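Enquirer: This is what each chain is made of:
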Amino acid sequence: MEIASLVAQVQGFKAIAAGLLIGLASLGTAIGFGILGGKFVEGVARQPELSNMLMVRVLIMAGLVDAFAVISIVMGLLLFFTNGPFVSYILEVAKQVS
Amino acid sequence: MSQLPANYIEHHLEHLQLNLNTFTIGHGGFWTLNLDTFIVGLITALLIGGVFRYVAVHMQVGTPGRLQNFVEMAIEFVGRTVNETYHGKSQLIAPLALVLFLWIFLMNTLDLLPVDFVPSLLHMTGVEHFKMVPTADPNMTFGMSVTVFCLIIFYNFTVKGWHLGKEVLTSPFGPYLFPLNILFRLLEEFVKPFSLALRLFGNMFAGELIFILIAMLPWWSQWLPGGIWAIFHILIITIQAFIFMMLTIAYLSMAHDMH
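For the record, the sequence lines run as chains D and W.
For the first sequence, this note's numbering begins at 585 and goes up steadily by one.
For the second sequence, this note's numbering begins at 149 and goes up steadily by one.
One thing to keep in mind: the hints can contain errors.
[What the hints assert, rightly or not] Below, in silico cross-link-like pairs of lysine to any residue (SDA-like), each with a Cα-Cα straight-line distance of 20 Å or less:
1) W:Lys-237 / W:Phe-305
2) D:Lys-598 / D:Glu-586
3) D:Lys-598 / W:Met-402
4) D:Lys-598 / W:Ala-154
5) W:Lys-340 / D:Lys-623
6) D:Lys-598 / D:Leu-648
7) W:Lys-340 / D:Leu-648
8) W:Lys-237 / W:Val-247
9) W:Lys-314 / W:Glu-337
10) W:Lys-340 / D:Phe-670
11) W:Lys-340 / D:Asn-636
12) W:Lys-340 / W:Ile-241
13) D:Lys-598 / W:Pro-153
14) W:Lys-340 / W:Ala-378
15) D:Lys-623 / D:Met-637
16) D:Lys-598 / W:Glu-158
17) W:Lys-237 / W:Phe-326
18) D:Lys-598 / D:Leu-608
19) D:Lys-598 / W:Asn-155
20) D:Lys-598 / D:Met-645
21) W:Lys-340 / D:Phe-652
22) W:Lys-340 / D:Val-671
23) W:Lys-308 / W:Pro-320
24) W:Lys-237 / W:Met-402
25) W:Lys-314 / W:Leu-331
26) W:Lys-314 / W:Phe-326
27) W:Lys-308 / W:Phe-332
28) W:Lys-314 / W:Thr-295
29) W:Lys-314 / W:Val-247
30) W:Lys-237 / W:Gly-309
31) W:Lys-308 / W:Asn-155
32) W:Lys-340 / D:Ile-644
33) W:Lys-308 / W:Leu-240
These are calculated hints, taken from the structure and not from any lab test.
All values reported here derive from a predicted model rather than from experimental measurement.
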């Protein structure tokens, strides 16, 4: 019974951590993409003939903006969907105790 | 699917490993070779090399075939990108960029194969774990980025010579703050391999994990999310390969620039 409550506690904290990882990463990328797209449209409006060149630059920057948010999101998903080290550690300790 | 979701994912995240101490399949601490990454990487590299060699030998001047057109397009694209950023004389950078771009692109493209297709085929022949995408393995991406890092250091020393010392000591803040300058320079250089490798690894790993998550849905509902993610992923694959190439060129041209 105690072990069940311990595991439940860890799972709860894991859910919060995963939510923070995914949510904050998405927030940051969203702001980044908003600024990036806005500036791109501004630039094209000023000089429409440069739009092809700007598009390539925007795609490069999109990749850069994307990258670290994606790592954070994956860590969140891993916490969400796998057992991971936390729960298995508790189960191991529980085995040793009992 | 008869397994728990967590087991299914963890099963898919394990490599086919070779213990280099005893040359048996299994985990060997530090001396572990990820066989799947190694073999798939080698096959893709040989494929690119073979195709390009074939085209180079069978080149036609009058009416180029489709394959020759494709190869010329790739070479011209990379050549143009290199010419825009790099203005030095080195003969190595353009071929390096071409190989990096095509190799990473091909390895990333393996992400679009169904996640269970190759592993389950190999499962019938007795292979327990197999990860198809080499760039979703940090060892692969760090291997490439550390190679680039060594080239950056090599060119810094050979091209700049004694000038490098002056640059490191005085670069952002002037000569009186030289300890801070050295610290900044070291940080700037050592961040490069990490950012290169982690960016590529993170994106490919994320793509693979989301495909695995989609594969856990019931079979009739996999098509829509799988299709959407695959289309989005084509963009990511190309952009990540392009960014890796682009940053390599930029770093190497920074190593060549004298101020």
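Enquirer: Hint by hint, note whether the structure agrees.
Expert: Here is what the structure says about each hint:
1. W:Lys-237 / W:Phe-305: holds (16 Å)
2. D:Lys-598 / D:Glu-586: Distance ~18 Å between Lys-598 (chain D) and Glu-586 (chain D) Cα, so the pair holds.
3. D:Lys-598 / W:Met-402: violated (43 Å)
4. D:Lys-598 / W:Ala-154: holds (14 Å)
5. W:Lys-340 / D:Lys-623: Cα-Cα ~27 Å, so violated.
6. D:Lys-598 / D:Leu-648: Given pair Lys-598 (chain D), Leu-648 (chain D) is violated - Cα atoms ~28 Å apart, limit 20 Å.
7. W:Lys-340 / D:Leu-648: holds (13 Å)
8. W:Lys-237 / W:Val-247: holds (19 Å)
9. W:Lys-314 / W:Glu-337: holds (16 Å)
10. W:Lys-340 / D:Phe-670: violated (32 Å)
11. W:Lys-340 / D:Asn-636: violated (28 Å)
12. W:Lys-340 / W:Ile-241: holds (17 Å)
13. D:Lys-598 / W:Pro-153: holds (17 Å)
14. W:Lys-340 / W:Ala-378: Roughly 29 Å separates the two Cα atoms, so the pair is violated.
15. D:Lys-623 / D:Met-637: Judged against 20 Å, a Cα distance of about 14 Å means the pair holds.
16. D:Lys-598 / W:Glu-158: holds (17 Å)
17. W:Lys-237 / W:Phe-326: Distance ~31 Å between Lys-237 (chain W) and Phe-326 (chain W) Cα, so the pair is violated.
18. D:Lys-598 / D:Leu-608: holds (15 Å)
19. D:Lys-598 / W:Asn-155: holds (18 Å)
20. D:Lys-598 / D:Met-645: violated (32 Å)
21. W:Lys-340 / D:Phe-652: Roughly 14 Å between the alpha carbons, so the hint for Lys-340 (chain W) and Phe-652 (chain D) holds.
22. W:Lys-340 / D:Val-671: Roughly 35 Å separates the two Cα atoms, so the pair is violated.
23. W:Lys-308 / W:Pro-320: Satisfied, since the Cα-Cα distance of roughly 17 Å is no more than 20 Å.
24. W:Lys-237 / W:Met-402: Within the cut-off at roughly 13 Å; holds.
25. W:Lys-314 / W:Leu-331: The hint holds at about 14 Å.
26. W:Lys-314 / W:Phe-326: holds (10 Å)
27. W:Lys-308 / W:Phe-332: Holds, at roughly 19 Å.
28. W:Lys-314 / W:Thr-295: violated (26 Å)
29. W:Lys-314 / W:Val-247: Outside the cut-off at roughly 34 Å; violated.
30. W:Lys-237 / W:Gly-309: holds (16 Å)
31. W:Lys-308 / W:Asn-155: violated (54 Å)
32. W:Lys-340 / D:Ile-644: Holds, because 17 Å separates the two Cα atoms, which is no more than 20 Å.
33. W:Lys-308 / W:Leu-240: holds (17 Å)
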